[in-house]
Amino acid sequence: MMDKMIFGRYVPAESVLHRMDPRSKLVLIFLFVCIVFLANNMLTYGLLTVYTFLMIALSKVPIRFIYTGLKPVLLLVIFTLFLHLFLTKEGEVLFRLGWITIYEEGLRQGIFISLRFFLLILMTSILTLTTTPIEITDGLESLLAPLNKIKFPVHELALMMSISLRFIPTLMQETDKIMKAQTARGVDFSSGPIKERIKAIIPLLIPLFVSSFKRAEELAVAMESRGYRGGEGRTKYRQLSWGLKDTAMLAMLAALTLVLILLRT
Amino acid sequence: MKKLSLTAMIEASFFAAFAIILDFLPSLKLSPSISISAAMIPIFILAFRWGFKVSFISGLLWGILQIAMGDAWIATPLQAFIEYFIAFACIGLAGLFFRPIQNQLRSGNKKKALGWVVLAVFAGSLARYFWHFIAGVLFFGSYAPEGMSPVLFSFLANGATMLGAAILCSILAVLIISSAPRLIIRKTDEMIQSQKSVS
Numbered sequence: 023m024m025d026k027m028i029f030g031r032y033v034p035a036e037s038v039l040h041r042m043d044p045r046s047k048l049v050l051i052f053l054f055v056c057i058v059f060l061a062n063n064m065l066t067y068g069l070l071t072v073y074t075f076l077m078i079a080l081s082k083v084p085i086r087f088i089y090t091g092l093k094p095v096l097l098l099v100i101f102t103l104f105l106h107l108f109l110t111k112e113g114e115v116l117f118r119l120g121w122i123t124i125y126e127e128g129l130r131q132g133i134f135i136s137l138r139f140f141l142l143i144l145m146t147s148i149l150t151l152t153t154t155p156i157e158i159t160d161g162l163e164s165l166l167a168p169l170n171k172i173k174f175p176v177h178e179l180a181l182m183m184s185i186s187l188r189f190i191p192t193l194m195q196e197t198d199k200i201m202k203a204q205t206a207r208g209v210d211f212s213s214g215p216i217k218e219r220i221k222a223i224i225p226l227l228i229p230l231f232v233s234s235f236k237r238a239e240e241l242a243v244a245m246e247s248r249g250y251r252g253g254e255g256r257t258k259y260r261q262l263s264w265g266l267k268d269t270a271m272l273a274m275l276a277a278l279t280l281v282l283i284l285l286r287t
Numbered sequence: 086m087k088k089l090s091l092t093a094m095i096e097a098s099f100f101a102a103f104a105i106i107l108d109f110l111p112s113l114k115l116s117p118s119i120s121i122s123a124a125m126i127p128i129f130i131l132a133f134r135w136g137f138k139v140s141f142i143s144g145l146l147w148g149i150l151q152i153a154m155g156d157a158w159i160a161t162p163l164q165a166f167i168e169y170f171i172a173f174a175c176i177g178l179a180g181l182f183f184r185p186i187q188n189q190l191r192s193g194n195k196k197k198a199l200g201w202v203v204l205a206v207f208a209g210s211l212a213r214y215f216w217h218f219i220a221g222v223l224f225f226g227s228y229a230p231e232g233m234s235p236v237l238f239s240f241l242a243n244g245a246t247m248l249g250a251a252i253l254c255s256i257l258a259v260l261i262i263s264s265a266p267r268l269i270i271r272k273t274d275e276m277i278q279s280q281k282s283v284s
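Taken in order, these protein sequences are the chains called F and P. Under my numbering, the final residue of the first sequence carries the number 287; numbering is consecutive throughout. Under my numbering, the final residue of the second sequence carries the number 284; numbering is consecutive throughout.
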């Protein structure tokens, strides 16, 4: 539970994708999410599938981690497939059984659209499986830096994200402690009538919030006394470095995009 | 855009973290089949404590954190932007009721203040789920077959969840604020400072 809170879904491993700059990974995933919609025939979908599985292989993340992340969405993918199978009524009839009729177009659409959904989920999970939340924060801060010009507080947001990520485990521990303390007094959080359970949440939340106000105050004082005064000129402990592999990966995606545009019908 | 005070920024970060934590705790879910969670409560408390700007940023932070931690699911770029950037930030709209709530509480009108609290919780939930509804229409528009009304489906699905979440959150907010009003009333010297920096 604790690890899950700290690292999100990150799975450590030694791979090209793990070592890539978070900025290039973010750009890569963003572009992929856009170009998926270019595919509209067997060949283009095939290419996208091959690319996605190549990425999974490159990431060296054990399949079971990918599978656990997929489980809740898999049902939705299958649901999409069946929705199209039964509701699209175009093309030749492929199959008829009682009141169920499956049309050619329905099968085609069903497979394509659920495949698209499936590939998108896979690719976005590859990002969070190979990149820690804090790296994603650093990457986002650097990519969104131009927004500073229109007075959008990118640096402040990134700092707040780092604080959240840093304190999620701490606050979680505190939640756990208070829950245990209340359970020892006979509070039951997980069963009983709804009214009682709502009442049980109150003595958990109030001490939690009160102590976090105190902690926030302390942290603010600590930061100010160490000279924090906003983003300008602040140096970083974690440096990002763009390397050859980042350029190569993006070039590969650009090539894929070009091929998709040429092959789509 | 004027800078927020450091305390406000840190509290916003902590409360976005609380929202994530409340979403994670399975034992606090009211029933396993209905996913009505109390996760919005921290953002609402912040809205009544600091006002619109802080709660808006805290909500936005919650949305981005979900993307960074891999809890988000992305079907189209536009859907992801609406669902994780705009929708969660809009919970902060509850903070627009900051003044009446503070004024009523300070002048001892607890009942009236709690009335405003309920109104604010519903406004915030409505604002959030309105965007989920729009995202749902977009999503089903590009994934569902023709012949199924994406508008109706998205409306029913999001409407039901919204009502559940809003009712649960307003009960919790009323209980919390009536038993611990000090959570949303800041000390006066802070108050003067923040009025300079927030408004």
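Keep in mind the hints are simulated off the structure, nothing from the lab. Values in this document were obtained by computation on a predicted structure and should not be read as measured data. Cβ atoms here follow ideal geometry from the backbone N, Cα and C, with glycine treated the same way. Be careful, since some hints might not be right.
Short, incomplete list of chain P residues facing chain F, as computed with Cβ under 8 Å [stated by the list, open to error]: (1) I105; (2) L146; (3) F166; (4) L181; (5) V236; (6) L237; (7) F238; (8) F240; (9) T246; (10) V259; (11) I261; (12) S264.
Computed spacing ranges between beta-carbons, pair by pair [said to hold, decoys possible]: (13) D156/P to A206/F: 55 to 63 Å; (14) V259/P to K173/F: 30 to 38 Å; (15) K199/F to R267/P: 16 to 24 Å; (16) F59/F to K195/P: 49 to 57 Å.
Each hint, compared with the structure:
1. Hint status for I105/P: holds, given a least beta-carbon distance of 6 Å to chain F, under 8 Å.
2. Because the closest C-beta pair between L146/P and chain F is about 6 Å apart, less than 8 Å, the hint holds.
3. Taking 8 Å as the C-beta contact cut-off toward chain F, the hint placing F166/P at the interface is violated, the least distance being around 11 Å.
4. A least Cβ separation of about 20 Å between L181/P and chain F goes past the 8 Å threshold, and the interface hint is therefore violated.
5. The criterion of a C-beta within 8 Å of any C-beta in chain F is not met by V236/P, whose closest approach is roughly 16 Å, and the hint is violated.
6. For L237/P, the shortest C-beta to C-beta distance to chain F is roughly 14 Å, which exceeds 8 Å, and the interface hint is violated.
7. Restraint check, F238/P versus chain F: the minimum CB separation of about 10 Å is more than 8 Å; hint violated.
8. Restraint check, F240/P versus chain F: the minimum CB separation of about 18 Å is more than 8 Å; hint violated.
9. At its closest, the beta carbon of T246/P sits 16 Å from a beta carbon of chain F; the interface hint therefore is violated under the 8 Å criterion.
10. Given hint, V259/P at the interface with chain F, is violated; its Cβ is 10 Å from that chain's nearest Cβ, farther than 8 Å.
11. At its closest, the beta carbon of I261/P sits 6 Å from a beta carbon of chain F; the interface hint therefore holds under the 8 Å criterion.
12. The interface hint given for S264/P holds, since its Cβ lies 7 Å from the closest Cβ of chain F, which is under the 8 Å cut-off.
13. A hinted range of 55 to 63 Å is violated for the C-beta pair D156/P and A206/F, which are about 31 Å apart.
14. For V259/P paired with K173/F, a C-beta distance near 37 Å keeps the hint of 30 to 38 Å intact.
15. Separation of K199/F from R267/P is about 22 Å and conforms to the stated range, judged on CB atoms against 16 to 24 Å.
16. For the pair F59/F and K195/P, the supplied restraint of 49 to 57 Å holds, since their beta-carbon distance comes to about 53 Å.
Hint compliance for this structure: hints 3, 4, 5, 6, 7, 8, 9, 10 and 13 are not met, and every other hint is.
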